[in-house]
Amino acid sequence: MTFEDQGDDRPDSRPDARMDLRALDPDAYAGSEARFVSAVMARVAHLGGAPAIPTDPLYGLWSLPRPLLLAASVIALAVLGAAVGTRRAHVSTPATIADATGIPRAFLATGASRQ
Amino acid sequence: MTLDESDEPLVRGTLAGDATAFESLVRRYRRAALARALSIVGNSFAAEDVAQDAFVQAYEQLATLREHARFGAWLLMIVHRRSLNALRAEKRRRAVPLTDAIPDRTARATDGSADPRASRASILVAMRALTEVQCTVVLLADLEGWPHERIATTVGCSIAMSRRHLSDARKRLRELLAQEVRR
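As given, the protein sequences belong to chains F and W, one line each in that order.
Using the numbering used here, the first residue of the first sequence is number 124, and each one after it goes up by one.
Using the numbering used here, the first residue of the second sequence is number 3, and each one after it goes up by one.
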């Protein structure tokens, strides 16, 4: 639909009135519609066949709404961080006072058998 | 918007290998794509190249489009990016910006009336001050004559926001064009 098709909807000086953008009308400068369309379709035909479905294994994932994907990523990172933190704390904490002071376990076992 | 105006069946048809469906999309958005490209690159020949390249890119990447009904907005976003790239490349290549259209503000016809090229140049300069969505909405509404229902679906916003964008864009364009006239 071109500007001329708009009947009495002509531009005027009211602040919110339609702008006269006929100066940008592509048909005034570009080639004909037929030439443009045939040029695009020729290039598309050269590509061959229908547009390829992406082979990205995560393709389906990207179709999720972005906020949902973002929230899931944040939660996954938080859970991973918490798990790693807990594991580190568990490994580094000494089980007994002897462990904390560095007394060899073999020595402790010997002492226990004498009693 | 009627069903036959929706992009969804055409996108689905294209993905199924129907070339005529894509041809319909090209015909539907050719003018908007060309006008959008021209509003950025300011050169008719470059705008046509950009618009053609954008359609080919859209075809190649069509399967990645999530919302088929928003093909128009997606295409115009591709046009926008490609236009900016073309503009940057041209600026690097030449010392001065390209313009078959841009500004000789003194350009006047011999009878004293404003030269249509100058008018077009002023609009092009003013449109660069708009946001991407404002530019798209004002082109679709005031150049293509689309109703707000269709613009809202294409751009992906509410009808109220479409009206708001259009109002803001017109106001800004009028201000800038008025400043241009006063100079």
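I should point out that these hints are in silico values taken from the structure, not numbers from a laboratory.
Careful: at least some of the hints might be erroneous.
For each label pair, taking beta carbons as the anchor points, the in silico distance ranges come out as [as the list claims (entries may be wrong)]:
#, chain 1, residue 1, chain 2, residue 2, range
1, W, A71, F, S155, 48 to 54 Å
2, F, G204, W, S169, 33 to 39 Å
3, W, T66, F, T219, 27 to 33 Å
4, F, S155, W, E134, 42 to 48 Å
5, W, R14, F, H213, 24 to 30 Å
6, W, A180, F, G172, 51 to 57 Å
7, W, K93, F, E156, 14 to 20 Å
8, F, T216, W, L86, 52 to 58 Å
9, F, L192, W, K93, 32 to 38 Å
10, W, E134, F, S161, 27 to 33 Å
11, F, R189, W, E134, 14 to 20 Å
12, W, A18, F, A165, 36 to 42 Å
Sample of chain F residues facing chain W (criterion: CB under 10 Å; computed from the structure) [as the list claims (entries may be wrong)]:
#, residue
13, L193
14, A195
15, D222
Cβ atoms here follow ideal geometry from the backbone N, Cα and C, with glycine treated the same way.
Outcome of the hint check:
1. W:A71 <-> F:S155: 48 to 54 Å: Violated - the Cβ-Cβ distance for A71 (chain W) and S155 (chain F), about 29 Å, lies outside 48 to 54 Å.
2. F:G204 <-> W:S169: 33 to 39 Å: violated, 47 Å
3. W:T66 <-> F:T219: 27 to 33 Å: Once the Cβ atoms are compared, 59 Å apart, the range 27 to 33 Å for T219 (chain F) and T66 (chain W) is violated.
4. F:S155 <-> W:E134: 42 to 48 Å: violated, 28 Å
5. W:R14 <-> F:H213: 24 to 30 Å: violated, 54 Å
6. W:A180 <-> F:G172: 51 to 57 Å: Holds: the Cβ-Cβ distance is about 52 Å, inside 51 to 57 Å.
7. W:K93 <-> F:E156: 14 to 20 Å: Because 30 Å falls outside the window, the suggested range is violated.
8. F:T216 <-> W:L86: 52 to 58 Å: 57 Å Cβ-Cβ, so the 52 to 58 Å window holds.
9. F:L192 <-> W:K93: 32 to 38 Å: holds, 37 Å
10. W:E134 <-> F:S161: 27 to 33 Å: Because 29 Å falls inside the window, the suggested range holds.
11. F:R189 <-> W:E134: 14 to 20 Å: Given a distance of about 18 Å, which is inside 14 to 20 Å, the answer is holds.
12. W:A18 <-> F:A165: 36 to 42 Å: Given a distance of about 21 Å, which is not inside 36 to 42 Å, the answer is violated.
13. L193: violated, 15 Å
14. A195: violated, 17 Å
15. D222: violated, 56 Å
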